[in-house]
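Peer 1: Start from the sequences, fold in the hints, and give me the full structure.
Take a look at the letters that make up each chain.
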Amino acid sequence: MDYILEIKNLRKEFKNFTLDDISFKLEPGYIMGFIGPNGAGKSTTIKLIMNLLKKNGGEIKVFGKDHIKYEKEIKDRIGFVYDENYYYEDLTINQMKNIVASFYSKWDEHQFNYYIHEFGLNPKVKIKTLSKGMKMKFSLGIALSHHADLIIMDEPTSGLDPVFRREILDILYNIIQDDSKSIFFSTHITTDLEKIADYITFINDGKIIFSKPKDEVMESYAIVKGGTELLNKDSRKEFIGLRETKVGFEGLTDNIDGMKRTFGNNILIEKATLEDIMVYSVRR
Amino acid sequence: MLGIIKRDLMLLFCNKRDGFFMLFYIPFLILIIDSYDPKWLYLAIIVAYTYIISITSFYYDIDGKGRYIINSLPINGEAIVFYKYLSTFVYFIMTIVYAGVYLWIINWTGLKAVDYFNMEMVIKAIPIIMFATSIVFPAYFYFEPRIARLVHMVVFIGFFIGMANLGALGDKSLVKKIGLFQGKNMVFVPIIMFIASLLLSMKLYQSRDL
Numbered sequence: 001m002d003y004i005l006e007i008k009n010l011r012k013e014f015k016n017f018t019l020d021d022i023s024f025k026l027e028p029g030y031i032m033g034f035i036g037p038n039g040a041g042k043s044t045t046i047k048l049i050m051n052l053l054k055k056n057g058g059e060i061k062v063f064g065k066d067h068i069k070y071e072k073e074i075k076d077r078i079g080f081v082y083d084e085n086y087y088y089e090d091l092t093i094n095q096m097k098n099i100v101a102s103f104y105s106k107w108d109e110h111q112f113n114y115y116i117h118e119f120g121l122n123p124k125v126k127i128k129t130l131s132k133g134m135k136m137k138f139s140l141g142i143a144l145s146h147h148a149d150l151i152i153m154d155e156p157t158s159g160l161d162p163v164f165r166r167e168i169l170d171i172l173y174n175i176i177q178d179d180s181k182s183i184f185f186s187t188h189i190t191t192d193l194e195k196i197a198d199y200i201t202f203i204n205d206g207k208i209i210f211s212k213p214k215d216e217v218m219e220s221y222a223i224v225k226g227g228t229e230l231l232n233k234d235s236r237k238e239f240i241g242l243r244e245t246k247v248g249f250e251g252l253t254d255n256i257d258g259m260k261r262t263f264g265n266n267i268l269i270e271k272a273t274l275e276d277i278m279v280y281s282v283r284r
Numbered sequence: 001m002l003g004i005i006k007r008d009l010m011l012l013f014c015n016k017r018d019g020f021f022m023l024f025y026i027p028f029l030i031l032i033i034d035s036y037d038p039k040w041l042y043l044a045i046i047v048a049y050t051y052i053i054s055i056t057s058f059y060y061d062i063d064g065k066g067r068y069i070i071n072s073l074p075i076n077g078e079a080i081v082f083y084k085y086l087s088t089f090v091y092f093i094m095t096i097v098y099a100g101v102y103l104w105i106i107n108w109t110g111l112k113a114v115d116y117f118n119m120e121m122v123i124k125a126i127p128i129i130m131f132a133t134s135i136v137f138p139a140y141f142y143f144e145p146r147i148a149r150l151v152h153m154v155v156f157i158g159f160f161i162g163m164a165n166l167g168a169l170g171d172k173s174l175v176k177k178i179g180l181f182q183g184k185n186m187v188f189v190p191i192i193m194f195i196a197s198l199l200l201s202m203k204l205y206q207s208r209d210l
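One line per chain: the protein sequences are A and B, in this order.
Each residue of the first sequence is one higher than the one before, starting from 1 at the first, in the UniProt record's numbering.
Each residue of the second sequence is one higher than the one before, starting from 1 at the first, in the UniProt record's numbering.
None of these hints come from the bench; they were simulated from the model.
Where hints are given, some of them may not hold.
[As the list claims (entries may be wrong)] Cross-link-like lysine-lysine pairs, in silico, DSS-like; alpha carbons within 27 Å at most:
1. A:K65 / A:K132
2. A:K207 / A:K195
3. A:K61 / B:K203
4. A:K72 / B:K16
5. B:K16 / A:K126
6. A:K212 / A:K55
7. A:K124 / B:K6
[Said to hold, decoys possible] Label-pair restraints from in silico Cβ distances:
8. B:I93 / A:G64: 36 to 46 Å
9. A:S235 / B:I147: 55 to 65 Å
10. B:F28 / A:H110: 41 to 51 Å
11. A:K124 / B:I195: 34 to 44 Å
12. A:D215 / B:L200: 46 to 56 Å
Note that CB positions come from ideal geometry on N, CA and C, so glycine has one too.
Peer 2: Here's what the structure looks like:
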């Protein structure tokens, strides 16, 4: 099987943080959500994929090729959107576009003009005068205007209003209608992923907790609610994460049958959201 | 390479402060450099201009994190470094044309008698530019912005002290006595330095986190 993105035992060491042997794969035609709390290693992983950081170990393959050996060829097929604006703020949208366009072999001016118009951007204004949302729209316009096969986005929806977030998700959904394209999308706004992601990779403290199809994730976890009198030393250990209040407890489990056996009909079992999974796993 | 040059030139005039600086830097140099022979003034102008154009984009890349964008585009680190070194010569030619027109107008209006083209000084300028960029480029490609700026300041101030010394004393100046850019040294020292610096920058840039 040819993967569009394949990470094997990737390792990066910093003074206070280590990305610890992470591995995951993304097939063509799918959207992978990359979730985790702040400081979990999401941006570090993306920077390693883009060769902005140098890895200490492991392997990164994009389109089946080594990301350093075939760097130019690979980056020609990647559209990127970063969590903040790194474009030259003193340049206008048009000037920045002219610089970027000269690097891509398949730059599509017509497509760029379409997105600029669609996003309501004035090409003559300086990037520094744009709001955060507008800067993100500009980044997205650039990323989508050179027929990229892989779109890599680092927290593209953080700080954006729900209307524009939905607009972005619709655009991304349209992109993957082409089976050869994929999207790798880091975020901590997990509700966005519940709408569009096919796979979820969850990272915490530099380690991959899981990398699975979204439906499998949603089916295998559940939120269990009940009175605190039901809990004892042993039953507490059966939860991935647990929150106790005066009125009762709420916990995350990936062993729904086991919970039913332990607590019988005294508990309420609800579907867990991605946010529940992330929050309780981090609290564990 | 076109993309790198396009980027550098756009950044030169992208804000009023930098645009103003580029526009009035020649009259400023004419005012501050007191030379008994206009050829030294011409040398100072073409060297300083080429050098400034070459390093301006570093401010945006290092301080403004524009390097994340450039390094995410379809170009590898070695090519970024190589084109940056190579573009110095393109900026040198552009500077000769720009300064030539600017100085010709100053000469024509009678404001000051200045050289607007001097082949002897053009030949002298090449090793000086190569020498300066050989020291400053690796610093910008590898070190923290603070250290890189310090290296730049030392080289830039050193250049002006040298020019002031040369302009005031001519053949009796310390610069002439050291003879770094004279005879065979004028050709070999800068070339060796430039190539060594290019290779060093390539290696350093490939090994560092951005």
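Peer 1: Against this structure, judge whether each hint is valid.
Peer 2: Evaluated hints:
1. A:K65 / A:K132: violated (34 Å)
2. A:K207 / A:K195: Holds, because 25 Å separates the two Cα atoms, which is no more than 27 Å.
3. A:K61 / B:K203: holds (23 Å)
4. A:K72 / B:K16: violated (35 Å)
5. B:K16 / A:K126: Holds - the C-alpha atoms of K126 (chain A) and K16 (chain B) are around 13 Å apart, at most 27 Å.
6. A:K212 / A:K55: The given pair, whose Cα atoms are some 24 Å apart, holds under the 27 Å limit.
7. A:K124 / B:K6: holds (17 Å)
8. B:I93 / A:G64: 36 to 46 Å: Check passed, 43 Å falls within 36 to 46 Å.
9. A:S235 / B:I147: 55 to 65 Å: At roughly 58 Å between Cβ atoms, I147 (chain B) and S235 (chain A) fall inside 55 to 65 Å, so the hint holds.
10. B:F28 / A:H110: 41 to 51 Å: Since F28 (chain B) and H110 (chain A) have Cβ atoms about 45 Å apart, the given range 41 to 51 Å holds.
11. A:K124 / B:I195: 34 to 44 Å: 43 Å Cβ-Cβ, so the 34 to 44 Å window holds.
12. A:D215 / B:L200: 46 to 56 Å: holds (53 Å)
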